[in-house]
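Listed below are the residues making up each chain.
There are 2 protein chains.
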Amino acid sequence: MSNKEKGANAERELIHLFNNTDGWSAIRIAGSGSSKYPDPDILAGNAIRRIAIECKATREDKKYFSQEDLDQLRKFCQTFGAEAWLAIRLPRQPWYFIMPEDLAAAGESFVISKEILQRKGLQFEELTK
Amino acid sequence: MSNKEKGANAERELIHLFNNTDGWSAIRIAGSGSSKYPDPDILAGNAIRRIAIECKATREDKKYFSQEDLDQLRKFCQTFGAEAWLAIRLPRQPWYFIMPEDLAAAGESFVISKEILQRKGLQFEELTK
Chain G
17 MSNKEKGANA ERELIHLFNN TDGWSAIRIA GSGSSKYPDP DILAGNAIRR
67 IAIECKATRE DKKYFSQEDL DQLRKFCQTF GAEAWLAIRL PRQPWYFIMP
117 EDLAAAGESF VISKEILQRK GLQFEELTK
Chain P
17 MSNKEKGANA ERELIHLFNN TDGWSAIRIA GSGSSKYPDP DILAGNAIRR
67 IAIECKATRE DKKYFSQEDL DQLRKFCQTF GAEAWLAIRL PRQPWYFIMP
117 EDLAAAGESF VISKEILQRK GLQFEELTK
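Protein chains in written order, with the numbering used here: chain G, 17 to 145; chain P, 17 to 145.
If we strip away everything but chain G, and leave its shape as in the complex, we get (with noise of 0.2 Å):
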C-alpha cells in the first residue's frame, strides 16, 4: 500500500467514528495538501461546532509537523471558522486530537511524543463529547 493509500485509509477510519457519533458528521477533503489553498484532511461539524482536523498515522513513536503545516491549517480555520486539531495514532495506540499549541519546537518543526500525546492529546469521546 502507498503512503497516500495509507493516510487516505486513516481519514477514512475517522470519518467512520464521527460518521458514527450521534449529530456528528465528517467529510474528507479532496486533494488536501495538493491544492494550492491551505486544507486540512478532513472536516467535522456538529449543529454548534466545527473541526478542521490533519490527521497522520504514524510507524514511529513520535510525529514532526512543520510550521507550515500548521500555518496552513491554522489559516484554514482562521478563514472558515473551524477549530483546529491534529489527530496522531502512534502504533498500539487509539487515535489521539491535539491542538498545534500543544506541540513542543524541535529546531525548524514541532514534535510531538507518545508521552505529550497521552498527557494532552484527547481520545475520540472526549473530543466529541
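The reader is advised that the hints may include incorrect statements.
List time: in silico DSSO-like cross-link candidates among lysine-lysine, alpha-carbon distance up to 30 Å [said to hold, decoys possible]: (1) K91(G) - K145(P); (2) K91(G) - K136(G); (3) K145(P) - K91(P); (4) K145(P) - K78(P); (5) K72(P) - K20(G); (6) K79(G) - K91(G); (7) K72(G) - K20(P); (8) K130(P) - K20(P); (9) K20(G) - K145(P); (10) K22(G) - K72(G); (11) K72(P) - K91(G); (12) K136(P) - K91(P); (13) K78(G) - K91(G); (14) K20(G) - K136(P); (15) K145(G) - K91(G); (16) K78(G) - K22(G); (17) K22(G) - K136(P); (18) K72(P) - K130(P); (19) K91(P) - K91(G); (20) K20(G) - K136(G); (21) K79(G) - K20(G); (22) K20(G) - K72(G); (23) K78(P) - K22(G); (24) K79(P) - K72(G); (25) K79(P) - K145(G); (26) K130(P) - K79(P).
In short, the hints are calculated from the structure, not lab data.
Starting from the known structure of chain G, arrange chain P on it as the hints suggest.
Chain P in isolation, oriented as in the chain G frame:
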C-alpha cells in the same frame, strides 16, 4: 473528458471563485456522491457562514435533481450546520446559486429551468456579499 472529470473541473472553478474572494475559503469533498454518507460536492465558509453546495454544469437548458439528491444535501446540512445550496451553470450562463426549496416538482424528481434560475437564483457576488 469523462463526466467525472467535467464535474471535478466545474467544482474547481467554484473553489477558485470562493478562495479568491476576501474572507471566504472553500474545499472539494473527496468521493462525494460515492461514499455511504450524505455529502455535498463543495463546502465553503467565512467567519460566520457555512455553505454546502451540490454543483452541476450542464449542456441542457434545465437541470433535474432527484428527491434523494436533495434529501442527502439537506441531511448533511442539518447535521453539519450549513446552508444548503445548488450551484448550476447552464450553457452561456454564469453560475447561479439556488436553494432546494426553489425547485419545482416534476413527477418524482425536481427541476430548475433557465427562467426560474435567472429569476430566483443568486449570482456568485450576491451569494457571498
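Results of checking the hints against the structure:
no. : hint             : in the structure
1   : K91(G) - K145(P) : 21 Å, holds
2   : K91(G) - K136(G) : 23 Å, holds
3   : K145(P) - K91(P) : 26 Å, holds
4   : K145(P) - K78(P) : 26 Å, holds
5   : K72(P) - K20(G)  : 29 Å, holds
6   : K79(G) - K91(G)  : 21 Å, holds
7   : K72(G) - K20(P)  : 29 Å, holds
8   : K130(P) - K20(P) : 23 Å, holds
9   : K20(G) - K145(P) : 38 Å, violated
10  : K22(G) - K72(G)  : 10 Å, holds
11  : K72(P) - K91(G)  : 29 Å, holds
12  : K136(P) - K91(P) : 23 Å, holds
13  : K78(G) - K91(G)  : 25 Å, holds
14  : K20(G) - K136(P) : 43 Å, violated
15  : K145(G) - K91(G) : 26 Å, holds
16  : K78(G) - K22(G)  : 18 Å, holds
17  : K22(G) - K136(P) : 45 Å, violated
18  : K72(P) - K130(P) : 13 Å, holds
19  : K91(P) - K91(G)  : 28 Å, holds
20  : K20(G) - K136(G) : 28 Å, holds
21  : K79(G) - K20(G)  : 17 Å, holds
22  : K20(G) - K72(G)  : 11 Å, holds
23  : K78(P) - K22(G)  : 41 Å, violated
24  : K79(P) - K72(G)  : 40 Å, violated
25  : K79(P) - K145(G) : 41 Å, violated
26  : K130(P) - K79(P) : 9 Å, holds
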